[in-house]
Amino acid sequence: MATKEEKERLAKELQDAARPLFSAIGLDEKVIESALKNIKFTQALVDVIKEAGVTEGCPKAKGNLLYTTASKVSDVPMKALESNTEAA
Numbered sequence: 001m002a003t004k005e006e007k008e009r010l011a012k013e014l015q016d017a018a019r020p021l022f023s024a025i026g027l028d029e030k031v032i033e034s035a036l037k038n039i040k041f042t043q044a045l046v047d048v049i050k051e052a053g054v055t056e057g058c059p060k061a062k063g064n065l066l067y068t069t070a071s072k073v074s075d076v077p078m079k080a081l082e083s084n085t086e087a088a
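UniProt numbering puts the sequence shown at residues 1 to 88.
Hints listed in this document are in silico derivations from the structure and should not be mistaken for laboratory results. Please note that the accuracy of each hint is not assured.
[As the list claims (entries may be wrong)] Label-pair ranges, simulated between beta-carbon atoms: (1) ALA61 to GLU6: 36 to 46 Å; (2) ASP75 to LYS50: 14 to 24 Å; (3) ASN38 to THR3: 18 to 28 Å; (4) THR3 to LYS60: 37 to 47 Å; (5) LYS62 to ALA2: 32 to 42 Å.
Cβ coordinates follow ideal geometry from the N, Cα and C atoms, glycine included.
Model the full assembly from the supplied sequences, consistent with the hints where possible.
Now the structure itself:
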């Protein structure tokens with residue numbers, strides 16, 4: 001099991017990697033700051049950005065859709081998402 005320090009380090013690494021991705025999809029700085037405070041949501045949004053294939057950026061309107069999508073999937077257990085993907 002990860003120590004508190006290790007969890008904090010991993011969270012910081014995720015936040016550092018996520019910030020440029022969030023900026024590339026056109027999110028405002030206030031939205032980015034808010035998103036980065038929630039590690040579970042941050043991971044969900046990073047995953048959605050990667051799945052959409054827009055790690056290099058996209059129009060702001062598409063970025064907003066990705067943000068909304070991530071807000072929905074961050075509430076779904078990953079196990080459920082994985083089994084849904086396998087069935088497709």
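Verification of the supplied hints:
1. ALA61 to GLU6: 36 to 46 Å: holds, 38 Å
2. ASP75 to LYS50: 14 to 24 Å: Given about 19 Å between the Cβ atoms, the range holds.
3. ASN38 to THR3: 18 to 28 Å: Holds: the Cβ-Cβ distance is about 21 Å, inside 18 to 28 Å.
4. THR3 to LYS60: 37 to 47 Å: holds, 39 Å
5. LYS62 to ALA2: 32 to 42 Å: Holds, at about 34 Å.
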